[in-house]
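J.: Using the sequences and the hints given, assemble the complete structure.
Those protein sequence lines, which keep their order, are chains A and B. All the letters of the first sequence, read from the start, carry residue numbers 1447 to 1533 under the working numbering. All the letters of the second sequence, read from the start, carry residue numbers 2 to 190 under the working numbering.
No lab work stands behind these hints, which were simulated from the structure alone. Certain hints may be false.
What the hints assert, rightly or not - Just so you have them, the derived chain B footprint on chain A, three or more residues with Cβ under 8 Å:
1) 1459-1471
2) 1474-1483
3) 1504-1511
4) 1521-1533
Unchecked claim - Calculated lysine-lysine pairs in the DSBU-like style (CA-CA distance at most 30 Å, straight line):
5) A:Lys-1458 with B:Lys-81
6) A:Lys-1519 with B:Lys-7
7) A:Lys-1458 with B:Lys-7
8) B:Lys-53 with B:Lys-122
9) B:Lys-138 with B:Lys-81
10) B:Lys-7 with B:Lys-81
11) A:Lys-1458 with B:Lys-17
12) B:Lys-174 with B:Lys-160
13) B:Lys-160 with A:Lys-1458
A virtual CB, placed ideally from N, CA and C, is assigned to each residue, including glycine.
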Amino acid sequence: MSKQLGENYYRKLLELQQLEFALVELTLYLDTHPNDLQALQQFNQLAQQRQQCATQFEMEYGPLMQFGHSFSKYPWQWVETPWPWQV
Amino acid sequence: MWIYQKKLQYPVRVSKCDPRVARYLVEQYGGADGELSAALRYLNQRYSIPDKVIGLLTDIGTEEFAHLEMIATMIYKLTKDATPRQLEEAGLGPNYVIHDNGLFYNNSSGVPWTAAYIQAKGDPLADLYEDIAAEEKARATYQWIIDMTDDVDLQDSLKFLREREIVHAMRFKEAVEMIKADRDTKKVF
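T.: Here it is as structure tokens:
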């Protein structure tokens, strides 16, 4: 692996995983409870938080998504390690 | 279309090289009630299910691919430092001869994945009941694998996956009720 990953990487990654876990849960819940306004508000609020958290993570550690959903610095960062199973 | 995220859904850590447990985990990779079966089952059933539950099948099917990547990560981490001799002792000798360290979609006994593991009846209730059963079977398998290891790091990730099966089964049960309610409404009018 080319890059040494510090404690900060794992902390930021975990923060993102925690936010996204809540969003996955709310998504599945809303799929069967589409009229729950409180859950929907929580979903939109967390979606905004996730976006900020993901942007910060990507600025530091490179793109999380491809096909134009994330930005890249030069040279093309998508192909850089680590891949998820390598951390 | 699908967009990949370059991160795991939940952290996967292992505390030792352990090809014996990796072999059991392959059941959840390419076995009948594994994550590949789950993802392909739900994403294929979407096309004939009532509109009300297409979203649920899409989202759970997508989450299953995240679980598939977690299982692959576990197998990768548990076997990457193993010698051919260690693999052989774990019963993975034939796997090594065919695939080296490559992962493959087969079950823990080495039987290749087959589409016969999954069903699409077209009947929404029949399909959803199959999905509920699949989640319950996967939950049970995760429990048996947790019982087969003393690696607490690995157990943590496996417990996450076990809990996801419970949530998925619950959501599918709600989808059954939604379809029943819809059907009953139609009978009245």
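J.: The structure should be examined with respect to each hint, and the outcome stated for every one.
T.: A quick look at each hint next to the structure:
1. 1459-1471: holds (count 8)
2. 1474-1483: This one holds; 5 residues, not fewer than the three required, reach chain B with a Cβ under 8 Å.
3. 1504-1511: holds (count 4)
4. 1521-1533: Check passed, 4 qualifying residues.
5. A:Lys-1458 with B:Lys-81: Distance of about 26 Å is within 30 Å: holds.
6. A:Lys-1519 with B:Lys-7: holds (16 Å)
7. A:Lys-1458 with B:Lys-7: Holds, because 14 Å separates the two Cα atoms, which is no more than 30 Å.
8. B:Lys-53 with B:Lys-122: With a Cα-Cα distance of about 18 Å, the restraint between Lys-53 of chain B and Lys-122 of chain B holds, given a limit of 30 Å.
9. B:Lys-138 with B:Lys-81: With a Cα-Cα distance of about 29 Å, the restraint between Lys-138 of chain B and Lys-81 of chain B holds, given a limit of 30 Å.
10. B:Lys-7 with B:Lys-81: The given pair, whose Cα atoms are some 21 Å apart, holds under the 30 Å limit.
11. A:Lys-1458 with B:Lys-17: holds (25 Å)
12. B:Lys-174 with B:Lys-160: Holds, because 21 Å separates the two Cα atoms, which is no more than 30 Å.
13. B:Lys-160 with A:Lys-1458: holds (22 Å)
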